[in-house]
Every structure is written in structure tokens, then in C-alpha cells.
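Residues per chain, in single letters:
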Amino acid sequence: MNQQTTFGNGDDSVEDPDGEGVSSMAEEMAAAQRSISVAEFFERNKQMLGFDSRSRSLVTAVKEGVDNSLDAAEEAGILPDISVEISEGDDFYTLVIEDNGPGILPDQIPNVFGQLLYGSRFHVREQNRGQQGLGISAAVLYSQLTSGNPARIISKSIGHDTAHRCELMINTDENEPQLSSDEEVEWERDHGTRIELDMEANMRARQQMLSYIRYNSIVNPHARISYDGPKNTFTLERASDELPPETEEILPHPHGIQIGPLQKMLASTDSYSLSGFLGSEFSRVGEKSSTAILDGFRDRLFGRAGAWSATDTNDSALIDAIEDVVANKPPGAKLTFAEQIADRLLDGSGASPLTAPRYATHEVREIVAEVSESVEEDTGTVFGETVQRKATKVAWANLAEGRETDLRALADEATSAQKNGDLLTGLAQRLSNKFKDVDEHRATHDTLRDFVDRAADTTETRTDTTIGETARENITEAVWDEMRTVPDDVPKVKAVADDRDLVSALLASMREADLISPPSDCLSPVGEEGVKAGLKSEYDAELYAANTRSASVHGGDPFIAEAGIAYGGEIDENEQIDILRFANRVPLVYQPGACAMTTVTKRIQWRNYKLSQSDGSIPKGPVVLFVHVVSTNIPFTSESKDAVASVPEIEDEIEQAIRGAARKMKSHIKSADKRRERQRKETAIADIFPAFASKIASTTGREKPDIADSLARVMNNVLVTQRKTDSFDEDTLSELHDEAGFKADTSIEVWNFANDGTSSPEITVTVKDEPEEIGDGATISENGDGYEVTWTPTISSDERMRLPLITDGSRVELAVDGLPDERVTVAP
Amino acid sequence: MSVDDNTNDSNDAQAALMDLADQFHTQLATGEIPKMELPTRTKSNIVFDEDSDVWVYGDRTSTRTANSVSGARKLLRAAYTLNFLVQQVEEDRSSTLRELYYLSESWDNDHAAFSKQGQSNNLVEDLEIVSGVTREQFNMRPEESGATVLGPLEIREETRRGERDIHCQKDVGEGGYQIPSDVDHVEFLDHDAEFVLCVETGGMRDRLVENGFDDDYGAIIVHLKGQPARATRRITKRLCTELELPVGVFTDADPWSYRIHASVAYGSIKSAHLSEHLATPEARYIGIRPEDIVQYDLPTDPLSDSDINALESELDDPRFDSGEWREQIELQLEVGKKAEQQALASRGLDFVTDTYLPTRLDEMDLLS
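Sequences listed follow chains Z and D, in order. When we follow my numbering, the leftmost residue of the first sequence carries the number 1, and every step to the right adds one. When we follow my numbering, the leftmost residue of the second sequence carries the number 1, and every step to the right adds one.
Some hints could be false.
[Said to hold, decoys possible] Derived contacts from chain Z toward chain D, CB cut-off under 7 Å, selection only: (1) Ile696; (2) Asp709; (3) Ser710.
Note that these hints are calculated values from the structure, not bench results. Note that the coordinates shown come from a computational prediction; the quantities given were computed from them, not determined experimentally. Beta carbons are placed, not taken as given, at the ideal position from N, Cα and C, and that holds for glycine.
Using the sequences and the accompanying hints, generate a full structural model.
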């Protein structure tokens, strides 16, 4: 019962950024099932499971059912077709969810619907909906507890002629499903599943219910969903016939695993050794990373061995000492043996004690073994195990003798600020003493730190100085770095699985190891086109923008954030914007305030994107904001999976995604403003210029001037006019004729007054009779009324071009394509 | 600018206006964007003209084009106004600036209407500058400003009802002779004056008249009535040049009053194109000076923020760039006070005529 009181504290706003909740909950529930009835457990924890009120329970039951149906259909490669029916009876509501999924085999039905946490997917690394919630069995249990009626299930598997119908209740004492009716029936569907549940419920959460259904169709444009409930009946047709790419399950990444699942994996693996286990059951663990993890594990289990350098560069003492312990060998071989060992160990010493080579016991042992082998080869004298052991012991003792010098040098290097020589010497001496009686001078990181602390404390007392926290830490690290991971064998999988301390040490080593990020090709975001299509299907807007980020990692799990914006059109501009939240293609409809998606939306300065916003609140404007995160493990704030927890990595990506979409919206707003401004100008100018021209004409008594040119200039348009060349002055005319290569009688004048670059208008003149000559680059075609001559000149800002033509004076009609109408002024 | 030869006025004015309209016509006909170039009318673009001793516009110009909606609107108003003025000159009629403003309401294009009188006033000034003709020549009058002249001076005014000979002491009441809007229709016949005294406020002018200052000192008292109208400045200029009389300016001691003096003596920034015609470089500032505030311990008000800004801006104004002005303005900023002319009454009603003015005029050698 203990785990109940700690677990079931009823606080569903608990932060759970590691996503540990679900997996730990699985374990807790498993434990709970042994001690109390599942019904009691459910009763105590219902608010965390999304069954805290009658209205909420109905939404949760629908969500569990629909999520299940979508996952099942997608997994089988079927475009989902799902119907949800809610009807109000005398005593309770009846919920029917029916899908066209692959169906469930008869013997699996009790497990799928009747057992809490069946096939627990809680530590499966896959982007799926089932990750969220306890599954449909929780709804079955709720139904049974509130109505007393069994769940009615019909399912027909692909390829079967008949469907299987059963009534199912959960034995709450045993957490075992019980079938009360079980028969083969005819069913008009080819395949699919239908579940019918009676439950205490009400429709007070109508809005959340409808949002859940509608938003589902936005984020799953490939699904067809119909809804038939009190007051609302509608069908949301699919906007796309394309199934999302299948998401693949990936192996867990060592950085993302929690202790419970790790323990479970250890208990159920087929691997014998830890390296085999790590290599085969985790992603991104190769031989190198496996070694790194296991070395870390060794360091935790066995501690590292002290490694020291020789202080006396003169090899005679060492040689003598070795010779002393080797008995009964020919003197020549014995000397060679001792000399070679000394050679190896002293090579490089005598330099600074910081850089001198250091050796731990097992390293000395290896050197001795190697020397034995080579001396035996050379001299034929065998140096047996006993001799080697003795030589190792005396040689290493010789090195270890001078450890105080090593420690002093390391401490000196690690504490650049402290240059008190006496202090360092005292500290090194005391620290060196701590190793005295320790076998092979082994210490774990914690033990070493304890050594340093004790040595430092004593030194402080003696010298009346202080050795600060940072100095102690630095000294510990410096010494730790010089110590050697020991070659002892790590325990086998079985031994680790049974010992929680070992599991926890292994987990720590896994987290510490430097590893490549988990693969992200297992994720399937909706994609920018999909997001836009989804928004389009639900909102009549002026602009749809989307931004899907590339994959990123939190903990050991890859994730992708994406955002979409529907702007303008029929969206109310005077209200705060709607934020549609999604996680792994599931709409989130509760607790918006607690969700990272909302927090991030509020912290963005929307005024930069041309929306109004009072500081730190949701902006106002004609906008619907879509935010979606997919991951192999979504961190939620609570078990009821209503809100994404504020994990910094995820928040940052959400922000980038939203900003990306918002930038597109901003440039749309800006260009729309520009267009409106241009239109306003055009309207005003079109009113002012003719009046100006008339007034000037009447004041001067001259003819009213043609204003087309001036107008085109003012509006930065491309001006196209037709002129007869007989009005040209001589120079212009001869220039035109030279360029054309013929005596053009008509010139189509194109003048680009645009200030934003090059234009390529397509200019077509229609003439009655076939033109005698057309210029280079012109094409001609005959139509019913006459002939069409077409040019597509490329003309840069402020450039003028003349397109020559001989038309025998027949009337020319001008048309310009390839530019927005408002950017062209055509003067006859 | 021929301002004396009235007979040619209307022809000249009309021709100048037509020229401008012609320019617009040509611009349109050649496909250009209609435009009008004007000197920049800010204090950074006025320069001292050595020949005439007044401040005129410098070389910087700004172009008003029809490239933007507001620019096009301004040119449209210019076109309608030109059209109206040409007709007005032709029919020898006249109208006031305010009438022009209201008249624009009746024009057949909504864009052509002025939305504030400031716009029409500015436009008329623009047209003066571009055409080189004064608005008086195209028969645009301001509203009568009500400024007056009183003193030993006899004039002849050419009115629409015939010529009138008026003595500015004997033939007028205490209010004095009202300056007409077109001073060039006034001829000076005779005078018995020693100097011209321009007075800012009505109260002080009345005090001087009541105390008989004009008689006692042979002063022609010109009432400026605040920032003086063009006609007031023009008559002052003519009194100075034609009658060779010295001119003194008597105002409050605050930055706005110094600007009144500046526009009398050096020309105003807004109408610097007419400085030669309107400014009286010989005019000298009598007071009240910041120094007088201190010297006579006059009752004062503290300087407001806008007063301080105005004073500081005057330190940058080329018209005030003289040692004496700089000294006085800096003194005023230091004491942080301003005083009205009538503050002199704190020393008795006759103090101004018996002591202050005689002392100042004597100091300035304005008394013979």
C-alpha cells in the first residue's frame, strides 16, 4: 500500500520533464496490482488518468478509442475511417467507436481491451499515439465501474469471413478480463473493430470534445472521422489519401533510458554479457561506446587503481630490489629480467613529475609478464607466476613509494591560485597516506573525494589556511584522471539485473558516456505541406504558413517541432489567437496554460511579427497557430498527458518552429500592406492626375496632355504604348531602322518604370493583315481575327525598348501578359 | 521684383502664373512626373544677403513631386489655385487668403480642397516664390490685421473709392490709422517725425498714446499686434527708407518677442523670398532686454520649457548670431525669467515714457 500513498498524491500538475512518469507508473501499477485491486487503484488515481469528472471521462474515453483506432489502421497501412457516436440514455451515456482497422484476433481481444497496461509500450521508442495514456482498457474499466455494464466488442480481422462479438468485463481483483458472451457473427464491414461502452458522463466538455475531433482531422489529414453526438453531427472527410510514413520503433538510446525500464530490459534480455546487452538493445552503442560505458561501470564498481611514477631515476635500487625477490635463477637472466623491467618502468621518468609515465599495479603486472616472456625467449630461463607476482609487487611498491611527489605535482597543477609550498607538501603527504593500506591503491571517485577532503581538512587545521571547494574538486579530478580503470571483469547481465545498486551504477555510466544522438528517421512529423493542408481544411484563411524543424534531441529521445499558421480570411482578428496543440499527432485539449507550447507562444514578441500583444500574453490577431511535437518520448507535465512539459531543448525548438512560420506570416502581412498601399495610391492618383491635367490645360489654353506616361512612372509600372514612327524625329527614326534592319512604321514602346528590378512582360499585338516585317525575337501566329505578334523582352528598371513592326497602318491592339495587371499601363 | 509700377503688375503676375502652368503642361506632355522646385524653408537654409543686409533663402531646394499621393494632391491644389489666380487677375478682382481656403471647397475634385488654411497660405507663398511675383500682385490679401500707425505723418491712400489724404494724428482717433493690406497703394505726403517706434502689444501702444509720447518725441508709433503682418512690415520698411527715419522695436522680453523683432529687422524664415521687400535691417531692438529685467528688477514669470527651447533654438538661428543677442539670450537662460512690456508699470505709469524709453533711445542715439 505504500507505493499507493506516494504515487497517488492526486497532484496532476507535477512536473515530469524526464518522462519518467509513464514508465515509473507502469511499474508502480504492476506493484499495485499485487497489493490492491485495480479498481481501487483506478479510483484513487483517476484524475491523473484523465477520468476525474464525468465530462472529462467521456473525452478521455473517446481519445483512447480514436488514438487506438488511428494507430491500428496506420500500422496496417489502411486509411483510417473512424466513427464516434455518443448518445444519452436514461442512466448513462453510450459511446460507440468503430473503425476500419485490421481487426483484432479473437484470442487477443480480452488482452487488448481488458487488461490494464497490456503489452505495455511504455519504454518502446516509437512515435505513436498509444504512448499517451493507459489505453482503451482504462475506458473499459471506467465504463464498467460507473455503469456496471460490460464493454461490447465486435472485431473482424482482415481475411476473416465472420466477425467476433463478445462482452467483456474486467475482474478487478485479478486484473483479468472476463468474457461473458463470445460468438461469431456476421458483420457488414470487411474488417475493423467496434467497441460500445456505457458510462456515467455528460457533455459539459463539448468544446474539448469537438476540438479533439476537429483537430484530429487537421493533424491527420489522411483520416476520415465522423462524429454523431448530442447536438452535433458531422463528418470530416480526408484531405489527403496518403498515409504518413510508417514510424519505426528504434532501440532506446542510453541517454534517455530510466532505471525501471533498464531493469526490465536486463531481466528479459537474451544477452549474457553486459557488452552484448548494450550493443544489441540500445541505439548508437558500438564497440567503442560499449567499452566506454563498461569502463565507467568498472570505475563505479571497483574504483580506479592508483598509478605512480618513479621518483628515483637511478635504476640500481629498483634492479637490486627485483633481483632480491627472484631466487634460483641464473644471474645473467635474473639481471636481464630486472634491468628490462626497470628500463620499461623508468623510461621517460626524470622529467617533470607531471609528465613522467605512471603505472598502476595491473600495468606493472603486464610489463613484468611481457618481460618474462621475452627474457625466457632470449635466455631460456622461465620466470614463473610466483616470480612474476613477487617482481610486480616489489616494482610497483618502488613506484608507489614516491606517490607523494606525484600527488604534490598534480595538486600544484590543479590549484593554480595556491602557491603555498608547505601547504601543498602537507596536503600531498596526507593524501598519499590515505592510499597506504588500500589494496592496489584503488578508490572510487567518491572515495577519492573523501580522501582529498580528509587530507585537506587536516591540512587546514594544521596550517590555519583554507582549501576551498573548487580546489578540492580540481585536485580530485586531476588525481582521478591519472588513475587507471582496472581490468576486472564486470558482472554478467543476470547478476546486474538482480541488484538495483548495480543497475543504478550501470545507468549512471550510460548517461555519462559520450554518444552520438539517437536516430531521428523514426519520426514522422506532418510536414509543412501537410500542416498547411490540414489548416486549410478547417479554416478559411488568406495565408497558410508552416515550418517543420529538423530533428533535435532531449534526454535520449529524438524529437521534431513544427508549427503552422493560418492568417486572415474569416479568422476573428479581435480575439486572442487560437493555439492548436498536438503531440505525436494527438490533439491536446486540456490544460493549455500548463503547456510549453503556450508558454513559448507567450514569450515570443509578436509585435515583431505585426500582431498586437500585451507583454507576456497570447497575442491578438486573425491567426490560428498550430504547434506539433513528435518524439519517441514526449515529456508531459502529468500522467493525463494534457500538456507538454517545459524541457528547454523542446521549448527552444518549438520557439524556432513558431518563429519560422511567423516570419512567413510577417512578410505576407507586409506585402499585403504594400499592395493595399499601392492600391490606395493608384485610386488616388487615378483621380488626381486627370483633374490636374484638365486644370492645367484650361489654365494654359493648351490641349489636354496625355498623362499615361506620367501615370506609369508614378505607379512604377511597365508602360506599353504604340507609336507611329512618322511622329519620330530623324535621329530616333534612323536609330530604330538601323536596329531593326527594316523601315518600321510602328514602334511598340516598352518602358519599365518599376523600381524593383527586371521585368519580362509578354506583349502581344493583334493586327488585321499579316505584318510585312517583325523584329528579331518576335513570333507570329494566326488567329480567327488576324495575326498575333508576340515579344517577351527582358527589360530592366528604368530602361526603354522599342519593338519595331511594319503593319501597313492597320489598327494594332495591344495586350500584355506575364505581369500583374496593376503593374502594367497600356496606352493605345 | 517690380512692385512700384502698378500698371504692369497684373500683366506680369498673370504671365508668371501662366509660365508655371506651362511648365506643368510640358512635364505631363513629355511623360515626366509633374514637379515644382522650391527653396527649403527652414532656418538652416537662410543666408545673409550682403547687398541688402537681410536674410534670404540659400541654395538648398526641395522638390515637390506628384510621385506620392500627398505630393500629387499638393500639385493638384496648385493647379486649381493657379487657375483661380489667373482668372482673378484677369477680372481685376481680389480675395483674401481665407476666402481662397473656403473657395477650395467648391472645386470639383475632392483632392483639390485644402484641409487647413495653413495649406492654402503656404501654397500661395510657394507660388510667390516660384513665380517671383508677390501675392499682392495677384490680388491675394490677408485679412486686415488691425495694425495701426499713429504719429506726425500725412499720407494719401488710394482706395477703391478714390484717394484719401489722412494725417495720422489729426485725422484719426486714438486708435490711429489702420494699415491697409496693400501698403503700396499708400503714398507718404509729409511728416514731422524723429523716428519710428514699433510696439508689440496694444496695452503699451495705448499707454504711449495716452502719455502723448508721439507728440513729445516726434514718434511714429506702429502697432505690430504680435507677429507683424506683411503690410505692417512693409510700411515700416517704407517709413525707414523713404522718409529716412530710424526705427526702434519695443517688445516683451521673451523669445517669441525677439522673433517679432527679427522678422521686422531681418526677415522671417517663412517669407525670406520677400525679405528685401519687407525687412528693415536698420531697425534696432530697444527692449525689453533681459538686462533690463535685472537692472530694473522687473516683475517676471519663470521661463517655461518651450521658452527655453525657443531661446536655445535662437542661439542656432543665424539671424541672432551677433555678440549682443547671444549675450542677452544667455543672460536670460541664466536668470530663467521673462517679463512683459507692461511690467514697467511696476515703477509707475509714466516710468516708460519719462524714464525707460528716453534712456534707451538716448543710449541708442535715436534721439536727435
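Comparing the hints with the structure gives:
no.: 1; hint: Ile696; in the structure: holds, 5 Å
no.: 2; hint: Asp709; in the structure: holds, 3 Å
no.: 3; hint: Ser710; in the structure: holds, 5 Å
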